[in-house]
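Engineer: Please work from the sequences and hints to get the whole structure.
The listed protein sequences derive, respectively, from chains L and Y. Going by UniProt numbering, the letters in the first sequence line up with residues 1 to 154, in that order. Going by UniProt numbering, the letters in the second sequence line up with residues 1 to 171, in that order.
It should be emphasised that the hints constitute simulated quantities derived from the structure, not laboratory data. Even for Gly, the Cβ is constructed at its ideal location relative to N, Cα and C. Certain hints may be false.
To be verified - The calculated label-pair distances, taken between Cβ atoms and stated as ranges, are:
{"hint": "1", "chain 1": "L", "residue 1": "T41", "chain 2": "Y", "residue 2": "E152", "range": "36 to 42 Å"}
{"hint": "2", "chain 1": "L", "residue 1": "P112", "chain 2": "Y", "residue 2": "D69", "range": "39 to 45 Å"}
{"hint": "3", "chain 1": "Y", "residue 1": "R36", "chain 2": "L", "residue 2": "M124", "range": "52 to 58 Å"}
{"hint": "4", "chain 1": "L", "residue 1": "W153", "chain 2": "Y", "residue 2": "E80", "range": "34 to 40 Å"}
{"hint": "5", "chain 1": "Y", "residue 1": "D157", "chain 2": "L", "residue 2": "N151", "range": "40 to 46 Å"}
{"hint": "6", "chain 1": "L", "residue 1": "Q9", "chain 2": "Y", "residue 2": "E60", "range": "38 to 44 Å"}
{"hint": "7", "chain 1": "L", "residue 1": "Q13", "chain 2": "Y", "residue 2": "E80", "range": "27 to 33 Å"}
{"hint": "8", "chain 1": "Y", "residue 1": "M26", "chain 2": "L", "residue 2": "T41", "range": "55 to 61 Å"}
{"hint": "9", "chain 1": "L", "residue 1": "W3", "chain 2": "Y", "residue 2": "I166", "range": "28 to 34 Å"}
Claimed, not checked - Beyond 10 Å from chain Y on every Cβ pair, some chain L residues (computed):
{"hint": "10", "residue": "V12"}
{"hint": "11", "residue": "E36"}
{"hint": "12", "residue": "L40"}
{"hint": "13", "residue": "E77"}
{"hint": "14", "residue": "D81"}
{"hint": "15", "residue": "Q88"}
{"hint": "16", "residue": "H97"}
{"hint": "17", "residue": "V123"}
{"hint": "18", "residue": "M124"}
As the list claims (entries may be wrong) - Partial list, derived from the structure: chain Y residues whose beta carbon lies under 7 Å from chain L:
{"hint": "19", "residue": "H106"}
{"hint": "20", "residue": "C109"}
{"hint": "21", "residue": "F110"}
{"hint": "22", "residue": "P126"}
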Amino acid sequence: MKWNKKDMQKYVQAKEYVDTAIIPLVPFSFNKPDEEQIGLTFQNEVLELFVDRVERDFTGRVFQLPSYTYIMSNQLEHEVDRLNAFYQQINEQPFKHTFYLTFDSSWKRVEPKLEGNLIWTPVMKDGDLTSKETQKIVMDQIKQITELIRNYWI
Amino acid sequence: MSQDKKNQVSRRQFLNYTLTGVGGFMAAGMLAPMVRFAIDPVLQPKAQGDYVSTGKSVDELTSEPQRVDFTIRQVDAWYESDVSKVAWVYKQEDGSILALSPTCTHLGCFVGWNDNENYPNMFYCPCHDGLYEKSGKNVPGTPPTAPLAAFEHDVKDGILYLGKAIPREEA
Numbered sequence: 001m002k003w004n005k006k007d008m009q010k011y012v013q014a015k016e017y018v019d020t021a022i023i024p025l026v027p028f029s030f031n032k033p034d035e036e037q038i039g040l041t042f043q044n045e046v047l048e049l050f051v052d053r054v055e056r057d058f059t060g061r062v063f064q065l066p067s068y069t070y071i072m073s074n075q076l077e078h079e080v081d082r083l084n085a086f087y088q089q090i091n092e093q094p095f096k097h098t099f100y101l102t103f104d105s106s107w108k109r110v111e112p113k114l115e116g117n118l119i120w121t122p123v124m125k126d127g128d129l130t131s132k133e134t135q136k137i138v139m140d141q142i143k144q145i146t147e148l149i150r151n152y153w154i
Numbered sequence: 001m002s003q004d005k006k007n008q009v010s011r012r013q014f015l016n017y018t019l020t021g022v023g024g025f026m027a028a029g030m031l032a033p034m035v036r037f038a039i040d041p042v043l044q045p046k047a048q049g050d051y052v053s054t055g056k057s058v059d060e061l062t063s064e065p066q067r068v069d070f071t072i073r074q075v076d077a078w079y080e081s082d083v084s085k086v087a088w089v090y091k092q093e094d095g096s097i098l099a100l101s102p103t104c105t106h107l108g109c110f111v112g113w114n115d116n117e118n119y120p121n122m123f124y125c126p127c128h129d130g131l132y133e134k135s136g137k138n139v140p141g142t143p144p145t146a147p148l149a150a151f152e153h154d155v156k157d158g159i160l161y162l163g164k165a166i167p168r169e170e171a
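Structural biologist: Here you go:
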């Protein structure tokens, strides 16, 4: 389910079936070198694709929340506090699992302080999403992530 | 007179020619669209209504459900987009084709064929353990309350075309 009216109407009727929340963590920056800047937007596109696919396969059990956007930095301590505040609210609903999905490795360092499950996966710095090879790699990664989420459910 | 000799087209003839010419153009201008309308059905591209080609040859289908990917053009209020769809297609015992929608009738997750070792040869929904028989009929006692929807299908030149997914009532 997504953060829109149609799905929210469904969600309020079927709360007990939807026990997994996914929040994509999206780094934002405008003062990086051009190449990095382009890579950042590319990774955002891939992340959208990831979350969209996972949501599509598990519509009835996964709620895709709005992306959490933050200024890219190595100091994510205060972001952790904010994110934990989100987590508190989500957890009050009957959500058993909360996943954060990101390509930004800085989260890995603050992971112990983070409530909920962080899924960090490496991704190519830049690429062409229309090319067959890239699609294959991305689809394969998505498959592994859906497998991972299914393992939490067992 | 020598001048009359050169003037071989008389005024009357000139006017006749001009009128016939102009009249002819006007008649053609009126008839052309009518003819176009009359033969229009012949000129229509060979679209199968709302059916979309899957590019899958019917000969490849077996009695084992196969995943068939296809793309439809979807227009909603604000966006026009290509949406990729999936169908589970197989040949029934009587040889007819059944194309099932992989959308769980419970809450819409993606239903897989034979992908859980506990439930061989069944459609299994990973979200809430929904089960369907091969025919798409839901197994009582699991969350889904209706059978899987079936796509309308058509075969043209040996290629499988799929249309809308039609919800089915419990048999």
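Engineer: Does the claim that E77/L lies outside the interface with chain Y hold up, using a Cβ gap greater than 10 Å?
Structural biologist: Non-interface label on E77/L holds, nearest chain Y Cβ at 36 Å vs cutoff 10 Å.
Engineer: Just to be sure I understand the hint, the distance between the Cβ atoms of P112/L and D69/Y should be within 39 to 45 Å; is that true here?
Structural biologist: holds, 41 Å
Engineer: So is V12/L really clear of chain Y, every C-beta pair being over 10 Å apart?
Structural biologist: Fine: 13 Å to the nearest Cβ keeps V12/L off the interface.
Engineer: Under 7 Å is the threshold here; is the Cβ of H106/Y close enough to any Cβ of chain L for the hint to stand?
Structural biologist: holds, 6 Å
Engineer: Taking the beta carbons of Q13/L and E80/Y, is their distance inside 27 to 33 Å?
Structural biologist: For E80/Y against Q13/L, whose Cβ atoms are near 30 Å apart, the range 27 to 33 Å holds.
Engineer: Taking 34 to 40 Å as the stated bounds, is the beta-carbon spacing between W153/L and E80/Y within them?
Structural biologist: holds, 36 Å
Engineer: Tell me if the beta carbons of R36/Y and M124/L are separated by a distance inside 52 to 58 Å.
Structural biologist: Distance hint for R36/Y, M124/L holds at roughly 53 Å.
Engineer: The output says D81/L does not contact chain Y. Does that hold with a beta carbon cutoff of 10 Å?
Structural biologist: holds, 32 Å
Engineer: Against chain L, with CB atoms and a cut of 7 Å, does the hint on F110/Y hold up?
Structural biologist: holds, 4 Å
Engineer: A range of 36 to 42 Å was offered for this pair. Does it hold for the Cβ distance of T41/L and E152/Y?
Structural biologist: holds, 40 Å
Engineer: Find the nearest Cβ of chain Y to the Cβ of H97/L and say whether that gap is larger than 10 Å.
Structural biologist: Fine: 13 Å to the nearest Cβ keeps H97/L off the interface.
Engineer: Confirm or reject: V123/L is not an interface residue toward chain Y, with every Cβ-Cβ distance exceeding 10 Å.
Structural biologist: Non-interface label on V123/L holds, nearest chain Y Cβ at 21 Å vs cutoff 10 Å.
The structure shown violates none of the earlier numbered hints.
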